[in-house]
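Asks: Read off the chains here:
There are 2 protein chains.
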Amino acid sequence: MAEENIIYVGKKPTMNYVLAIVTQFNNNVDHLTIKARGKSISKAVDIAEITRHKFIQEIKYGAIKLETEVLHGERGDSNVSSIEITITR
Amino acid sequence: MAEENIIYVGKKPTMNYVLAIVTQFNNNVDHLTIKARGKSISKAVDIAEITRHKFIQEIKYGAIKLETEVLHGERGDSNVSSIEITITR
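Taken in sequence, the protein lines are chains A and B.
So the first sequence is numbered by our numbering: it starts at 368 and just counts up by one.
So the second sequence is numbered by our numbering: it starts at 368 and just counts up by one.
Please note: incorrect hints may appear among the correct ones.
One copy or two, either will do: identical chains are not told apart, so a pair holds if it fits within one copy or between any two.
[As the list claims (entries may be wrong)] Here are the simulated lysine-lysine pairs, DSS-like style, with alpha carbons at most 30 angstroms apart:
1. 379 with 432
2. 402 with 421
3. 432 with 402
4. 421 with 406
5. 432 with 378
6. 379 with 421
7. 379 with 427
8. 402 with 378
Hints listed in this document are in silico derivations from the structure and should not be mistaken for laboratory results.
Treat the numbers as computed from the prediction; the structure is a model and nothing was measured.
With these hints in hand, go ahead and build the complete structure from the sequences.
Replies: What follows is the structure in structure tokens.
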């Protein structure tokens, strides 16, 4: 999958990500993966659901993967959960 | 699916839910669904990942469903995203 087909969810408002996804689908991308970690996981689900219900009804879910990533910090390693939501048109 | 095979994630600490799940699997339950809405979705993913990595390694993910639920409140309806994570042993 090309790098541009991945949306990394961070601290921006939910609608920024939704509009980025809608733009990509309008540019003939046919599938796209939304990735998030930790507290942003809820936002990733919101983004997928808002895109699907309000903007592009024909979107379907592909694989939804849950994983644990190890973050190496100054005060030692910590684990953080992550989600990958693949959506296809 | 019997009602006791559903874990609803709310405001309790993450480990409470993990221990409830481990207890159910130890009582010969072979599959179980974790449900959460809104901000609790991140916690649901943490619960699934901690259970799988720290307690019961042979757990596998079944269906993971994302949906939008309509909440009817005093100030009108609002939408909230939800997740259902099925785990099987």
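Asks: Hint by hint, note whether the structure agrees.
Replies: A quick look at each hint next to the structure:
Both within a single protomer and between protomers do residue 379 and residue 432 lie at most 30 angstroms apart by alpha-carbon distance, with minima of 23 angstroms and 25 angstroms respectively. In the homo-oligomer, the alpha carbons of residue 402 and residue 421 lie at most 30 angstroms apart both inside one protomer (20 angstroms) and across protomers (23 angstroms), since each shortest distance falls under that limit. For the homomeric pair residue 432 and residue 402, the shortest alpha-carbon distances inside one copy (10 angstroms) and between copies (16 angstroms) are both at most 30 angstroms. In this assembly of identical chains, residue 421 and residue 406 lie within 30 angstroms of each other by CA distance both inside one copy and across copies; the values are 23 angstroms within and 20 angstroms between.
In the homo-oligomer, the alpha carbons of residue 432 and residue 378 lie at most 30 angstroms apart both inside one protomer (21 angstroms) and across protomers (24 angstroms), since each shortest distance falls under that limit. Taking the shortest alpha-carbon separations for residue 379 and residue 421, only the intra-copy value of 19 angstroms comes in at or below 30 angstroms, while the best inter-copy value is 32 angstroms. In this assembly of identical chains, residue 379 and residue 427 lie within 30 angstroms of each other by CA distance solely inside one copy; the values are 24 angstroms within and 33 angstroms between copies. Taking the shortest Cα distances, residue 402 and residue 378 sit within 30 angstroms of each other both inside one copy (13 angstroms) and across copies (25 angstroms).
Every hint, counting from the list given before, is met by this structure.
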